[in-house]
Amino acid sequence: MLIELSGVSKIYNQGRANEVRALTDIDLGVEQGSMVCLKGPSGSGKSTLLAIIGCIFPPTSGKAAIAERQLARLPDRFLTLHRRETIGFIFQRFNVLPELTVLENITLPLLPLGVAPKERKLRAQELLERFSISHRAQFPAGQISGGELQRVAIARALINNQPIILADEPTAHLDTTLSREFMEIMQQLKATGKTIVIASHDPLVFEHPAIDRTVTIKDGRIHVP
Amino acid sequence: MFLNPWSLALTLCSLVVLVLGAIAGKTAVRVLRFWEPGSDSNRQIRLENEIWLSSTLVAYGLGFQIITLILFVLAADQFCQVIVGAMCATGALLADPYGMPALLVKLFGVFFYGFWILLHQLDIRSEHYPLVRIKYLALLLLLPMLVLDASLQTLYIAGIKPDIITSCCAVVFGESTGGGTNLMTGYSQQGLLMAFIGSIVGLMAVGWGLLRRWRSWLAGFYAVGWLWFFGLSLVVITTVISSYVYAMPYHKCPFCLLKPEYHYFGFALYGALIPAAFFGASAAIAGLVRGKVGLAGVVDGYQRLAVKISLILLVIFSGLSFYHYLKYLISGGEG
Amino acid sequence: MAQTNLEKQINILDYALSSLWRRRMKSLNVLLVFAAVIFLLASFQMVTQALSDKAKQVLVYTPEITVQKMSAGRQEAIPLAYRDKLARIFGIRRVVPRIWGYYFDEVLLANYTVMGMDVEEMPEGSRLDTTLASGRMPTPDEQGRVVIGHSVKKALDLEGRTTFSFFRPDLSLKAFTVSGEFSRDTDILTNDLIVMNLADARDLYAIPAGMVTDLCVYVANPKEIDTIARKISEALPSVRVLTRPQIQKTYQVVFGWRSGFGSICLLSALAAFVILAWDKASGLSPEERREIAILKVLGWETSDILAVRFWESVIVSGLACILGITAAYIHVVYFAASLFRPVLMGWSVLRPDLHLLPRMAAGDILLILAFTVIPYLAATVIPAWRSATVPADSALGG
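Residue numbers (the working numbering), protein chains in the order written: chain A, 112 to 336; chain B, 2 to 336; chain C, 198 to 595.
So here's chain A without its partners, still in its complex pose:
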């Protein structure tokens, strides 16, 4: 199991008037090389779950092991160190920095790792070619088309060769063609052995044949129909 959650709960602002129980007692296991969709309406807690899997914050209680490492009681710094080795993130709206070039955007995760510029460029070019956007390398990311943007975001999630890809509502702002293209790329990545978790309530995603399992989240719990 690459991702293993048992009894995970997350409570925001614990002990205060604005206490929010975002997740309750989640058990989830994801095997290496599989593709899982977290389904649920907005506010259901799937973003929180994704953040815990993505080592952005630890759970309030329960055990969460990502790539064989327990997240509970881990200070922020070590979550970050673990995250950059294991997790590739694809954001909603892709979250590129529009004024940086495509190349700079893709290599952002490599800067704090101390990767030299030459090496950075080499690794990025490989990915740019793989996603056929080499001709856009020196363009500001704010000036390229939606389809290219999506591939830039995916390339950025792969640059450090992380085993897990997390995507947060990736198709929410895409048309059908691009959504299909996105899922095709995910399918290819799955075939190379990546573990993929997508949070989405888009049928184009959770009904896609490459999805091994769909987990429905409702009011912070896993919903069993």
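Hints listed in this document are in silico derivations from the structure and should not be mistaken for laboratory results. Keep in mind that a hint or two might mislead.
[Claimed, not checked] Here are the computed lysine to any residue pairs in the SDA-like style, where the Cα-Cα straight-line distance is at most 20 Å:
#	chain 1	residue 1	chain 2	residue 2
1	C	K205	A	R184
2	B	K162	C	P434
3	B	K162	C	F458
4	B	K293	A	R184
5	A	K229	C	Q206
6	A	K301	A	E237
7	A	K229	C	P434
8	B	K309	B	S217
9	C	K205	A	E196
10	C	K282	C	P434
11	A	K301	A	H334
12	A	K232	C	K205
13	B	K27	B	L144
[As the list claims (entries may be wrong)] Chain B regions said to be covered by chain C (calculated; three or more residues, Cβ under 8 Å):
#	segment
14	6–15
15	18–26
16	49–57
17	65–75
The beta-carbon is built from N, C-alpha and C at its ideal position, and this holds for glycine as well.
Once you have looked at the hints, place chains B and C on chain A.
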């Protein structure tokens, strides 16, 4: 004498450092009171963030401390132009009782900041943050030191009374010759040099021994050796090395070395000596926290690195120290 | 390990540069104001420094000890007979009588410095000839011969002629012939100077025979200046004894005081700038928050973002220093500190066409850094930390 740019700059820097220190101190108190490892409460998240604030403040503090240390010596060098009987910074620092203590406290401050940063760097390498309490208790000790530093400096500046020609009588019959020009007298140069060379050889031998096989009692010995060597070097620089640099047998001053007339030689000399002593002593200090959870490997790595750095700097320092001396011996004094 | 760390700092520095460039309007604002503050401080420092250097140069030529007679707290003529009393003090090399005064030209409204002394009597009298651009120094037995400085020549319009006249106190005219001219290299000393022999000066000011304005005492061993000064003061109770080191120290104090005073005035400018810097650094736009959150999700630590902010501050400070100090140097050297002239003129030392050449030692630059960069870094550190602790999860969701 506050109305002088050097005094003003020093005072301004002290104020800045005090403010930063106070903020770091506030963080320290909060961390000591509320630190709850493993909790994900908002307060704990805030505290984890505040760790970065305090460490950044201390790092800035170290930078500022080094700058004010240099500034203080240069300021004394400026002050000597207005004090009767002071030929250079030494005289100006000895002109009132607070000069030397202020300088020593500043120098001690550099080491203190350095050791704190070392503790912090070791601490954040372990996911348990095992040194949090020690670290922030030490940070609380920093505050009185900053206050002491600022007070001594202020007293020193206030005590400097320039001699101005008054209209009634122009001559101030100060003790114009002799006293206040030399820091130390009465040491035998030969004996000092022998001790100096002996210490260098001894430190190198111990350092080499440590690198071959680590023994903690030897590391302790190495640290004590460095403290001894640091003090000895200051004496040797003052009484022996400096006069060869100046090419003047009676000019014995550890500060004029920093002046452009001598190609800023002092910066290289002290720039090698101070970090060398820091790393030499820090290996043993890091050893003290080796037993904490998750630190053994990190500390071992650091200790070997620190000993290596201190040895390299020792070689550089020895080369610099003997450069002028040997030049003098070989060239027969001129040139 | 060390290699990666260095590489990482370079990467972060690189990112900081590009980040400054992306927010260039905001950065430029801070940079220009910062440079202006540094410019003011550095100019002030350079002017006072150059002036104090000049003063030191002037003082090299003054005698080790000057003896003047005081009466009712004011200076008056001193009898030449005092020379004999001084001669008995051991350690004095030579005593040279001198008449030092000012002559105000009512027609041209100019002030000249008049020095009457017998040049040969000075220990290094012969050396003075080398300071002349043309001619030679007046000898004691030549009447009405003078050597003049550059601006005297200009004021009296002496192109093409060599004679001019001054009024004695009783309004009779005394004629002079120019026998030499000082070279422009010594302008600081000789620009407004007229040198004549003792007899001519006594005649011009109608000083009784056997009197001069001061006695210059030259000492064999400079280390004995204070001892000899004390002996003089004991032997001649009614005189004022000025020693060269004493004058030097007084100048130092005055210049130090001046530049300290200037610094205090400029501290308000500094304070204003620090507030601006704080304000600019803490105003975090939604785009900047988003950027930091994205970086954090992508694996940047809090300390990495802090490092970005630190490098940004260092780059801004560095550029501002280069700009400000260069501008200050140009201002002082090529524009003779014209901005500060109204302030400094009132304190008299600056003569109109004084050429200032400040020397900036590393220490002076450090002083300026301490005044400007340290407060700036301190003012930006807390906003930097605030921005670095933007939580990563704010990049998720909506």
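Q. Which numbered hints does this structure break?
A. 1, 2, 7 and 11
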